[in-house]
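Undergrad: Now for the letters of each chain:
2 protein chains.
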Amino acid sequence: MEMALEAAEKHPARLYTLGPLIHNPQAVEFLGGLGVKVKNRIESIPEGTVIFRSHGVSLKDLKKAKEKKLHIIDATCPIVKKAHFFANYLDRHGYALLIVGDAYHPEVEAIRSYLKGEVEVVDNVEAVYRLGPWEKLGIIAQTTQSFNLFKEIVTTSLEKAKEVRVFNTICHATTIRQKEAVEIARKVECMIVIGGYNSGNTQRLAAICREIQPSTYQVETARELNPKWLAKKGKIGLTAGASTPSWIIKEVESEIRRLKSL
Amino acid sequence: MEMALEAAEKHPARLYTLGPLIHNPQAVEFLGGLGVKVKNRIESIPEGTVIFRSHGVSLKDLKKAKEKKLHIIDATCPIVKKAHFFANYLDRHGYALLIVGDAYHPEVEAIRSYLKGEVEVVDNVEAVYRLGPWEKLGIIAQTTQSFNLFKEIVTTSLEKAKEVRVFNTICHATTIRQKEAVEIARKVECMIVIGGYNSGNTQRLAAICREIQPSTYQVETARELNPKWLAKKGKIGLTAGASTPSWIIKEVESEIRRLKSL
Numbered sequence: 001m002e003m004a005l006e007a008a009e010k011h012p013a014r015l016y017t018l019g020p021l022i023h024n025p026q027a028v029e030f031l032g033g034l035g036v037k038v039k040n041r042i043e044s045i046p047e048g049t050v051i052f053r054s055h056g057v058s059l060k061d062l063k064k065a066k067e068k069k070l071h072i073i074d075a076t077c078p079i080v081k082k083a084h085f086f087a088n089y090l091d092r093h094g095y096a097l098l099i100v101g102d103a104y105h106p107e108v109e110a111i112r113s114y115l116k117g118e119v120e121v122v123d124n125v126e127a128v129y130r131l132g133p134w135e136k137l138g139i140i141a142q143t144t145q146s147f148n149l150f151k152e153i154v155t156t157s158l159e160k161a162k163e164v165r166v167f168n169t170i171c172h173a174t175t176i177r178q179k180e181a182v183e184i185a186r187k188v189e190c191m192i193v194i195g196g197y198n199s200g201n202t203q204r205l206a207a208i209c210r211e212i213q214p215s216t217y218q219v220e221t222a223r224e225l226n227p228k229w230l231a232k233k234g235k236i237g238l239t240a241g242a243s244t245p246s247w248i249i250k251e252v253e254s255e256i257r258r259l260k261s262l
Numbered sequence: 001m002e003m004a005l006e007a008a009e010k011h012p013a014r015l016y017t018l019g020p021l022i023h024n025p026q027a028v029e030f031l032g033g034l035g036v037k038v039k040n041r042i043e044s045i046p047e048g049t050v051i052f053r054s055h056g057v058s059l060k061d062l063k064k065a066k067e068k069k070l071h072i073i074d075a076t077c078p079i080v081k082k083a084h085f086f087a088n089y090l091d092r093h094g095y096a097l098l099i100v101g102d103a104y105h106p107e108v109e110a111i112r113s114y115l116k117g118e119v120e121v122v123d124n125v126e127a128v129y130r131l132g133p134w135e136k137l138g139i140i141a142q143t144t145q146s147f148n149l150f151k152e153i154v155t156t157s158l159e160k161a162k163e164v165r166v167f168n169t170i171c172h173a174t175t176i177r178q179k180e181a182v183e184i185a186r187k188v189e190c191m192i193v194i195g196g197y198n199s200g201n202t203q204r205l206a207a208i209c210r211e212i213q214p215s216t217y218q219v220e221t222a223r224e225l226n227p228k229w230l231a232k233k234g235k236i237g238l239t240a241g242a243s244t245p246s247w248i249i250k251e252v253e254s255e256i257r258r259l260k261s262l
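Chains A and B, in that order, give the protein sequences. Letter by letter, the first sequence follows residues 1 to 262 in the numbering used here. Letter by letter, the second sequence follows residues 1 to 262 in the numbering used here.
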């Protein structure tokens with residue numbers, strides 16, 4: 001996000017992002033105001049500068065951007081880059097690869113596009129039973145995946161492979177955020193999760209909280225807060241997805257305080 | 001066992017085993033009748049032939065046997081040899097090593113004696129929480145360990161290590177035996193487990209069955225069967241540890257049939 005803002009200042013015109021920069025509509029709108037255009041296909045970018053967003057970019061798009069001689073600003077998250085590195089390492093060393101994640105998430109699509117060997121993307125334990133057996137199995141995760149699902153899939157895969165080599169590529173901040181959200185959810189009577197409806201990690205955060213506290217609600221902005229949710233409730237808990245800008249979090253917090261004081 | 005019998009025929013005198021050849025007193029007694037002597041320390045073997053039993057032998061004992069110029073018959077189980085191979089491989093490649101097993105079991109003691117780096121032997125999940133964290137963690141298991149414990153320890157270790165590399169060294173026959181024993185225990189009203197009281201894998205088998213069917217009894221021989229266990233019971237289930245000779249199993253089976261027909 002900071003990188004994109006800097007770029008927007010330096011390259012006021014002909015600045016594009018390939019897909020929305022982050023899974024947060026309000027942040028994307030804000031960038032739009034600065035003249036940054038969102039294009040979903042590299043073919044639609046005629047010239048100028050392209051920002052590769054935090055999710056990373058596929059091999060095909062990387063090649064096309066180079067062919068078109070676009071100026072590239074690579075804002076791929078360093079944690080995502082690490083996941084790329086370990087996926088490629090395992091692939092090169094003859095491991096069949098399991099990626100714990102959502103097959104259609106751009107991060108996973110990008111990671112997958114660089115691999116030459118056998119790759120499977122799984123988001124549930126049952127799927128593992130239908131795969132394998134393997135001699136050598138490598139496992140990594142989409143960086144914002146649930147750590148518990150990751151652990152369950154590793155455990156299950158042990159029944160199907162002689163060697164299992166696991167790199168924990170889950171973003172530590174994501175794991176901590178999930179753990180903290182669970183602890184908060186345990187102590188409150190209502191839980192608000194802030195983040196884009198198109199953000200996988202925000203949805204997972206909401207799902208994890210809802211298991212503990214059924215009165216859990218997801219909002220994208222302060223305006224969506226429903227006073228009825230907060231009425232007659234004691235402590236209210238608050239958490240936000242990885243890509244939620246801090247100004248949105250602050251707005252939601254203020255609005256909750258205002259509504260509670262009425 | 002077959003190997004040892006063959007050796008006993010070829011080398012009728014001066015034939016020793018280092019420790020009881022297998023964890024089954026009746027089988028050891030039988031070999032004693034053939035002139036095979038059990039010595040617990042290599043120092044007590046003056047000359048002649050030494051049989052390294054299925055559990056394998058420590059580096060120290062191997063060196064001493066060579067120094068003494070004893071003739072060596074290596075009856076180490078091939079599955080145990082594989083565990084040695086993977087433990088050494090991980091050790092050589094800079095992995096801290098977790099061995100899922102009993103620290104004082106001769107198999108584990110032997111595997112451990114060849115390793116140069118950090119090694120920990122764990123037989124419960126809680127122990128893992130007190131260890132680490134690690135950058136690179138390798139995990140193997142004593143060949144007759146419970147697969148469930150192995151899985152739980154791998155899962156737990158994921159919280160403590162960035163890379164976890166697992167070789168499943170559990171004897172497939174042991175895993176199958178445990179699974180089958182559980183299925184049998186579910187269908188019967190009394191479960192008999194045959195095997196040496198000093199056999200770890202037999203004890204584990206009995207413990208696993210007892211969780212399903214509280215009326216589970218371990219015996220070493222047919223003589224130990226108590227008619228009261230079988231009285232007023234429907235189907236009786238039967239299983240045996242890895243080192244239980246088939247003639248003992250057959251004797252127990254006949255005795256159960258005899259007692260049930262009374």
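Any given hint could be a false lead.
[As the list claims (entries may be wrong)] Straight-line Cα separation of at most 27 Å, DSSO-like style, residue types lysine-lysine; simulated pairs:
(1) B:Lys10 with A:Lys151
(2) B:Lys179 with B:Lys136
(3) A:Lys116 with B:Lys179
(4) A:Lys162 with B:Lys10
(5) B:Lys37 with A:Lys260
(6) A:Lys116 with B:Lys160
(7) A:Lys160 with B:Lys10
(8) B:Lys151 with A:Lys179
(9) A:Lys69 with A:Lys10
(10) A:Lys136 with B:Lys37
(11) A:Lys160 with B:Lys81
(12) A:Lys162 with B:Lys37
(13) B:Lys81 with B:Lys179
(14) B:Lys162 with B:Lys179
If you're looking for bench data, these hints aren't it; they were derived computationally from the structure.
Undergrad: For each hint, tell me whether it holds in the structure or not.
TA: Evaluated hints:
1. B:Lys10 with A:Lys151: violated (53 Å)
2. B:Lys179 with B:Lys136: violated (31 Å)
3. A:Lys116 with B:Lys179: Given that 27 Å is the threshold and the Cα spacing comes to 37 Å, the pair is violated.
4. A:Lys162 with B:Lys10: Distance of about 38 Å is beyond 27 Å: violated.
5. B:Lys37 with A:Lys260: violated (84 Å)
6. A:Lys116 with B:Lys160: Given pair Lys116 (chain A), Lys160 (chain B) is violated - Cα atoms ~30 Å apart, limit 27 Å.
7. A:Lys160 with B:Lys10: violated (43 Å)
8. B:Lys151 with A:Lys179: Holds, at roughly 23 Å.
9. A:Lys69 with A:Lys10: holds (19 Å)
10. A:Lys136 with B:Lys37: violated (43 Å)
11. A:Lys160 with B:Lys81: holds (22 Å)
12. A:Lys162 with B:Lys37: violated (38 Å)
13. B:Lys81 with B:Lys179: At roughly 24 Å apart (the allowed maximum being 27 Å), Lys179 (chain B) and Lys81 (chain B) satisfy the hint.
14. B:Lys162 with B:Lys179: violated (32 Å)
Consistency with the previously given hints fails for numbers 1, 2, 3, 4, 5, 6, 7, 10, 12 and 14, ordered from lowest to highest.
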